[in-house]
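Work out the full structure: start from the sequences and follow the hints.
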Amino acid sequence: GTATITARMVDPNGVTKTATCVVYVYIANGVYYIKNMNSNYYLQVKYGGVTNLTDVYQYSKYNTTSTSNTYLIRQMWKVYHLGEGRYSIRPMNKLNMGLDVTSNNVDIYNIGESDSLSAIPSYGEWVIEWYSTGYVFKNNGNSNLTMQVENASTTICATIVATTYSTS
Numbered sequence: 546g547t548a549t550i551t552a553r554m555v556d557p558n559g560v561t562k563t564a565t566c567v568v569y570v571y572i573a574n575g576v577y578y579i580k581n582m583n584s585n586y587y588l589q590v591k592y593g594g595v596t597n598l599t600d601v602y603q604y605s606k607y608n609t610t611s612t613s614n615t616y617l618i619r620q621m622w623k624v625y626h627l628g629e630g631r632y633s634i635r636p637m638n639k640l641n642m643g644l645d646v647t648s649n650n651v652d653i654y655n656i657g658e659s660d661s662l663s664a665i666p667s668y669g670e671w672v673i674e675w676y677s678t679g680y681v682f683k684n685n686g687n688s689n690l691t692m693q694v695e696n697a698s699t700t701i702c703a704t705i706v707a708t709t710y711s712t713s
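Per my numbering, the very first residue in the sequence shown carries number 546; after that it's consecutive.
Bear in mind the hints are in silico, worked out from the structure with no lab data behind them.
Worth double-checking, as some hints may not be accurate.
[Stated by the list, open to error] Restraint ranges, calculated between C-beta atoms of paired labels, are given here:
(1) SER605 with THR565: 35 to 45 Å
(2) GLU629 with SER605: 31 to 41 Å
(3) THR678 with TYR578: 17 to 27 Å
(4) VAL555 with THR647: 46 to 56 Å
(5) GLU695 with VAL555: 42 to 52 Å
Quick reminder that beta carbons are idealized off the backbone N, C-alpha and C, glycines included.
See below:
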């Protein structure tokens, strides 16, 4: 996304001086948990699936000291900045897959193994922007569609869908 930095001052004559600067901000490449701020649940590959069109849903965070890596990895996502404000978001349990939108469903789909802007199909690219309500994940294949929990549910295992987002 972008951030606009504005500095204002009032000089001794009472005249306000203003300067602004627009800075491009991106999320660092790495492995992340993606947490829903409304439910406090985490994005997870359903049942640890590894095939095309496997759904994603929200689930409680696994305890890192008592849970096997097989379960922990279902909630870990490799986020990679492709350039031009776009990202690939891959499940750590199957790195040739990526979050994508099929109709109005968010699932994982084979997007190949390369993390380059030219290699990732648009349905597997995401724009991540900050709003006062938190980060919003917009699908680059259709920027009107954002990743959200179905019916704004705060229950465990609620499905993640792609729907229109309003900033108001």
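Evaluation of the provided hints:
Checked against the hint of 35 to 45 Å, the C-beta distance between SER605 and THR565 comes to roughly 43 Å, which is consistent with it. For GLU629 paired with SER605, a C-beta distance near 35 Å keeps the hint of 31 to 41 Å intact. Range check, THR678 to TYR578: Cβ separation about 18 Å, and the 17 to 27 Å hint holds. Taking the beta carbon of each, VAL555 and THR647 are about 55 Å apart, inside 46 to 56 Å as hinted.
At about 50 Å, the beta-carbon gap between GLU695 and VAL555 stays in the expected band of 42 to 52 Å.
Violated hints for the displayed structure: none, as all numbered hints are satisfied.
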